[in-house]
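Protein chains in written order, with the UniProt record's numbering: chain A, 1 to 287; chain B, 1 to 287; chain C, 1 to 287; chain D, 1 to 287; chain E, 1 to 287; chain F, 1 to 287.
You may find that some hints are simply not true.
Which copy is meant is left open, so a pair is good if it fits within one copy or across any two.
To be verified - 25 Å max Cα-Cα, derived SDA-like pairs, lysine to any residue:
#1 K118 x A237
#2 K286 x D269
#3 K106 x E195
#4 K37 x L272
#5 K211 x V283
#6 K118 x D191
#7 K107 x D191
#8 K193 x D5
#9 K281 x R92
#10 K47 x D73
#11 K265 x A237
#12 K286 x F10
#13 K265 x N44
#14 K193 x V206
#15 K281 x P53
#16 K106 x R243
#17 K286 x R190
#18 K280 x V74
#19 K286 x A76
It should be emphasised that the hints constitute simulated quantities derived from the structure, not laboratory data.
All values derive from a computational prediction rather than experimental measurement.
Number of protein chains: 6
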Amino acid sequence: MAPQDLSCEFINVTQPYENVAVVEIDRPKKLNSFTSKMFADLGNIFKNLSYDPDVRAIVLTAAGEKAFTAGLDVTAAAQGPLLKGSETGQERDTARKAWDLRRHIKKEFQEPVSEIEKCEKPVICVMHGISYGAAIDISTCCDVRICSNDALFSVREVEIGLAADVGTLTRLPHTLVPMSWIKDICLTGRDFKAEEALRMGFVSGVYENKKAALERGLELARLIAEKSPIAVQGTKAVINYSRDHSVEDGLDYIAVWNAAMLQTKDVSDALLAGLQKNKKKPVFAKL
Amino acid sequence: MAPQDLSCEFINVTQPYENVAVVEIDRPKKLNSFTSKMFADLGNIFKNLSYDPDVRAIVLTAAGEKAFTAGLDVTAAAQGPLLKGSETGQERDTARKAWDLRRHIKKEFQEPVSEIEKCEKPVICVMHGISYGAAIDISTCCDVRICSNDALFSVREVEIGLAADVGTLTRLPHTLVPMSWIKDICLTGRDFKAEEALRMGFVSGVYENKKAALERGLELARLIAEKSPIAVQGTKAVINYSRDHSVEDGLDYIAVWNAAMLQTKDVSDALLAGLQKNKKKPVFAKL
Amino acid sequence: MAPQDLSCEFINVTQPYENVAVVEIDRPKKLNSFTSKMFADLGNIFKNLSYDPDVRAIVLTAAGEKAFTAGLDVTAAAQGPLLKGSETGQERDTARKAWDLRRHIKKEFQEPVSEIEKCEKPVICVMHGISYGAAIDISTCCDVRICSNDALFSVREVEIGLAADVGTLTRLPHTLVPMSWIKDICLTGRDFKAEEALRMGFVSGVYENKKAALERGLELARLIAEKSPIAVQGTKAVINYSRDHSVEDGLDYIAVWNAAMLQTKDVSDALLAGLQKNKKKPVFAKL
Amino acid sequence: MAPQDLSCEFINVTQPYENVAVVEIDRPKKLNSFTSKMFADLGNIFKNLSYDPDVRAIVLTAAGEKAFTAGLDVTAAAQGPLLKGSETGQERDTARKAWDLRRHIKKEFQEPVSEIEKCEKPVICVMHGISYGAAIDISTCCDVRICSNDALFSVREVEIGLAADVGTLTRLPHTLVPMSWIKDICLTGRDFKAEEALRMGFVSGVYENKKAALERGLELARLIAEKSPIAVQGTKAVINYSRDHSVEDGLDYIAVWNAAMLQTKDVSDALLAGLQKNKKKPVFAKL
Amino acid sequence: MAPQDLSCEFINVTQPYENVAVVEIDRPKKLNSFTSKMFADLGNIFKNLSYDPDVRAIVLTAAGEKAFTAGLDVTAAAQGPLLKGSETGQERDTARKAWDLRRHIKKEFQEPVSEIEKCEKPVICVMHGISYGAAIDISTCCDVRICSNDALFSVREVEIGLAADVGTLTRLPHTLVPMSWIKDICLTGRDFKAEEALRMGFVSGVYENKKAALERGLELARLIAEKSPIAVQGTKAVINYSRDHSVEDGLDYIAVWNAAMLQTKDVSDALLAGLQKNKKKPVFAKL
Amino acid sequence: MAPQDLSCEFINVTQPYENVAVVEIDRPKKLNSFTSKMFADLGNIFKNLSYDPDVRAIVLTAAGEKAFTAGLDVTAAAQGPLLKGSETGQERDTARKAWDLRRHIKKEFQEPVSEIEKCEKPVICVMHGISYGAAIDISTCCDVRICSNDALFSVREVEIGLAADVGTLTRLPHTLVPMSWIKDICLTGRDFKAEEALRMGFVSGVYENKKAALERGLELARLIAEKSPIAVQGTKAVINYSRDHSVEDGLDYIAVWNAAMLQTKDVSDALLAGLQKNKKKPVFAKL
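Isolated chain A, as found in the complex (with noise of 0.2 Å):
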């Protein structure tokens, strides 16, 4: 399937350059707001991105220029199981909503956002205006984060009563910014701009304006798209493995990842182009 045809009501997709899809959430009427049906279709775009021969690296954006996005869609999901988990039911007791609730967290939520992590494609996940709640959610599964200069980042789900279980609390001290930080921010819940992300290393990136950060999104990615696919998604691989294990287990990862991964014909095709001051660009076979 050609990334364009992943396109469904709220998200496009499309492939501006060879190799570079750009996945974009496209409800700028509410704020770019979630319903669950749309992280079904966002896990499913990135299940089949994962796939596919023709990208060698992602752009995440959205439409409109308020927001990135305002989150879940709180009047949707409070007609969901979210808040009749919290009345009191007759039907169902207090465990068995309980196992309702595990599960529909970890179904709903959790494995479709999941699914932008374990894309084997670098995804860029490139913000604007606002951007809370689910924006941290998905931007902390994006190998890369940067942001227009407007951007405005909340971890908003301690506002509505909740501990945030789509992944923020869980991903936020495996990005490693400061662990002070991502209290103070989790906790309150408070607002903080694109100048103190990036001060904190939440974002490696800010731009003046949503135009000036999205093309620089399409440029990280289209020199991504130019280097070995074996070599990139190896490198997206191995290092989120190492993230969740000690230095020895990762020393002996890659050894075993790279016994099988340097016989490529590309690491001969750009060590000798590069030997040989070759000034064209190696090209890489689809992988």
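Guided by the hints, dock chains B, C, D, E and F onto chain A, whose structure is given.
This is chains B, C, D, E and F only, laid out in the frame that chain A set:
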């Protein structure tokens, strides 16, 4: 027991605002340096605050203008087992002294200080002036660290011939500040100022003087104390779990956690208040 | 064996100050690029320094003005098994070549470089000029990283078609610099300058030129070498353990560690010296 | 979907007793050997049973008298990517074939088989006759393993030139049978009989023939299905968590788990029934 | 405090031999079933014995002929928060009740029972007659488990609608008995006899009656108490660490541990005694 | 270097069959007790065999009828640092002696013995007669343990005042034999016979005398040596990885591993041989 009844010789506990407790180290004549008894008292205070339904956020500060704490009271310690441990005792052989020391480190120092980290309520540490040795042990147990402009920090232990064993070396890598800097300050024992602490992410805010820092600490505490305690205390618990576990484990844990916690009335109260553009802040029941 | 006797063809070892060793990569005509033999020699040097009682701190630097190291010597490597691994060999099937490559990565590259990390003495890495590929592998094994203003870094491997396998991808997440930035530099292979390295926390100091950086490196080393070696080397060991373990585990480990180490005469010497406002620095026995 | 509607070409699903499902591998003419499609079907069946409120325990068995399964259908596999992977393909280089193989192992084999382990309901595996290769992969995903007297087991993969990759080598050490025996059977690929499997703890019961073993399996399933599903499914989840975590972690997990689950009506129903020497078994609501 | 002074209403502590303490659960009229207070008392006793230099080995037994313990006192528990937790309370919402339950499980049950495991001295559990529920929780905290021929075990919790949360499900996989059997007994809640417990490795000895079992328990305790306490207590600590860590970690831990502990006079005393074919047993100093 | 050239003073290395090496501890007059040099030699031998393409399975045995090994040569050790460590030395303080001991344990004992475990080829340990102390350290590093009927085992260290530090306490819990029995034998240091070792799973076979046991060991080795070395050595590596990691991690590791290893010609050779009812055993290339 009301928070204020927890006060003891060198530590004051007060409750200046609803649901906010302030713990103040109060031995300014000795630069708030710590005796063994003070560690025990501090641990006991946080153990009690952890279960106090009238406390939803805690500020940790210290009396006087000169120091948050100069660390261990060396004069007192010089008469204790730490130093005696290095003499050539007659009655106890080396292994038995080692056994005693290990118990001593665990029981007299690590366990009381760890009570701050285990406290279910968020703790904001506000440091000023001399903040040496134990100041790092203690503040790395807190959730948020801020300080005044005159704060002067040092991982002092290397100066007195030992590897810090009350938590500094263990917890600093888990505060997610750059490792090159952690090694620098721990291996040299050199002083570093508020500005450097901020730049490295060790503290997440610097204020012009102690008064301003304390005000900001209280402001943060009040902001947190207004939120649903289910949301706030769950957020703390889940971030701490995630810090020490893989992303996979962390996602599973929050799903199990929220299976019960989403069944709180707080979610619907907070959510509906938000939907109705309600001006009144929701009032959450004690936890 | 005295430190200086460890010198070999392209690596010099000297001892400019008491208890301080300097290891200098010295192949400036080839931009200090590394052959397999140089990796082996480097590993061997650090293995020996680890046990040398006359060495308490080590500075790692490189000769010439242009480069700390340009990384792997590609011309040499092009004739080695890395590249041959990607040819269609006749005698060895793919799996057997994979077996050889895995051993090769572990034995020829990872093990020698890991000796720097395993070295019981603190290692300060002073980088300047071109610091590509192996420069990141090597410097992430060091305890403190500083550099001169002209330092230019790059995780080069992605450029030559491979995921870095000598430690860069494994150790960068354990240097606790922001993950979004780690992914950015590892996936693009782009250059980054001293200023960016400092801002992100990859290095903890930038100095105006190589000379100034080296002076600061030596100053740090001398400062460390003056302290109790029991305290210093214990500090390194315990931080490295804590990096890969939970807080709970880390506290237990330092308690067991200090059960023996607190029985050193160094503690009373240092402590009493401090108490007596002693001007003389305590002299600590060899370790 | 009712359990019986999950039946497909070579796998039958029935519900002989209330709340008990039976999954039967049914390709006896081929010794119940597995094609890729059968693995996918099996995974899909267990994924569905996991959510079926009318199923509280599952028995996994196989049709015919000769074999539980002879393992992978080698004739079919010989035409699939496994074997083609070892040819000298033209279009895909070694690294790209490795990439394909890794995906293939994960998606076609590991993921469907892991659905058995992830199934929230307890699974009792009843083996008989030839139980080779995939029989070990599959049965180590089940909670309880029993067999008939004529069962003949073998970790077959080493015989066909590969390290077993569908779970056998990974899960056997987690079945907590002696490691010396695990290595013996995995390295030699030798046959072992029911009696040896029992003595080593691989199965927890041996019965005189297939009929008797199946009866015992059904009896166990009915016994389990009579209990509170909250209790039963929680027990499975918590043991599986504990298997892969420290005691400290395990205790914390069950405390969080039961925070919700003890609020079930089942506890009071079961408890009071017990207290009142009630003859009637309590009836528990669907989960 | 002498061991005997630790006795309380339903638990006796005696010291029948030098360095050997016996803890006896003594509520035979209620089949030694446990109230909350008894759990607290038991924990307190082991916490104290852990530090008693006159105790080097502990035997845990129970009074009367009928039961080691029938588990939790259900009548008492029916009036406690466990059961009340499942009623539809008015004042506390579901999440707050969950919070209370989690604390309750941790503080009232897990923490006291874990004191047995944390006790620095080896604990030999001698079971007889009915050994249900809490008997498994408690005995899995002990180092050695033996029983009389009439012992009858059951993981009872599943019968009363809950997943066991005091340690059984967590610790059974760490007793390294076959997982298929663990699942069998935990999911069915069925009785199993001494012979089965022995065959599966849950107990390491079965004796003809309670008297014989207790004698063997005391014999083991005396044998252990004669050895160097440095050796014995180190052995316990290191096995427990190794159980929850990788081989690599375990080797490092014992090396750090023995760095101090090998400096005991006990080694030379024991070693030389052995060399000199000395008939006299060495006498080791208190620890 | 041919296996036989690895022989040294007290250890013989032979190659009785194609691809099978036998390592024989040969100091029968001293009951094959170990000096420091023998540990170093043993480690060196296994390090070399690990890379010898002519060796595919190894049998470890010992000369003479009386003992596999009586353990550490106590007379020799009494003159070494272990014992001297417990004297009141003048020149080195306690901490420095601790530092020396830690290095000594790691370098002189743990590292050489661990070479057996790290050896890429399967190792079958055949024990007979007295098998004390180091016999457990060494045999727990082997893959398969068998013994003769007269084998007599003991974890001896507790008898001589120390917690075993060469691997016994660390590796026994990873051999997956019942923990109650591990604690029993480690805490009492008591003898146990072949039959008990078999029943507990410590050995997986007992034979009537040394000759029969050795024959079975060689038979196992030949059986293993006939298989594809890719399959055999991969099986060993993956089981060892899985032992120390979660099921999730283990599945991922084997998938990465086999990505390369399935590309061996061995799979098609073995698979097709099987399909064609080929009588001739496939011949696999050296690894």
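Structure-based check of each hint:
When the C-alpha separation of K118 and A237 is checked against a cutoff of 25 Å, the pair qualifies both within a copy, at 9 Å, and between copies, at 24 Å. Taking CA atoms no more than 25 Å apart as the test, K286 paired with D269 passes inside one copy only; the shortest distance there is 14 Å, against 30 Å between copies. Neither within a single protomer nor between protomers do K106 and E195 lie at most 25 Å apart by alpha-carbon distance, with minima of 33 Å and 42 Å respectively. In this assembly of identical chains, K37 and L272 lie within 25 Å of each other by CA distance solely across copies; the values are 22 Å between and 49 Å within a copy.
With identical chains, the CA atoms of K211 and V283 are never at most 25 Å apart, being 30 Å at best within one copy and 42 Å at best between copies. Taking the closest pair of Cα atoms, K118 and D191 never come within 25 Å of each other, the shortest separation being 29 Å inside a single copy and 27 Å across copies. Within a single copy, K107 and D191 get their C-alpha atoms no closer than 29 Å, and across copies no closer than 37 Å, so neither meets the 25 Å cut-off. Taking CA atoms no more than 25 Å apart as the test, K193 paired with D5 passes in neither setting, with 35 Å inside one copy and 41 Å between copies.
When the C-alpha separation of K281 and R92 is checked against a cutoff of 25 Å, the pair qualifies only between copies, where the shortest distance is 20 Å, while the shortest distance within a copy is 63 Å. In the homo-oligomer, the alpha carbons of K47 and D73 lie at most 25 Å apart inside one protomer (23 Å), although the nearest pairing across protomers, at 29 Å, exceeds that limit. Taking the closest pair of Cα atoms, K265 and A237 come within 25 Å of each other only inside a single copy of the chain (20 Å); across copies the shortest separation is 28 Å, beyond that limit. For the homomeric pair K286 and F10, neither the shortest alpha-carbon distance inside one copy (30 Å) nor that between copies (36 Å) is at most 25 Å.
Proximity of K265 to N44 under the C-alpha cut-off of 25 Å is found in neither arrangement, the shortest distances being 32 Å within a copy and 33 Å between copies. For the homomeric pair K193 and V206, the shortest alpha-carbon distances inside one copy (10 Å) and between copies (18 Å) are both at most 25 Å. Only within a single protomer do K281 and P53 lie at most 25 Å apart by alpha-carbon distance; the minimum there is 19 Å, versus 41 Å between protomers. Taking the shortest Cα distances, K106 and R243 sit within 25 Å of each other both inside one copy (22 Å) and across copies (20 Å).
In this assembly of identical chains, K286 and R190 lie within 25 Å of each other by CA distance solely across copies; the values are 23 Å between and 45 Å within a copy. In this assembly of identical chains, the alpha carbons of K280 and V74 lie at most 25 Å apart only when taken from different copies (19 Å versus 52 Å within one copy). Taking the shortest alpha-carbon separations for K286 and A76, neither the intra-copy value of 41 Å nor the inter-copy value of 28 Å comes in at or below 25 Å.
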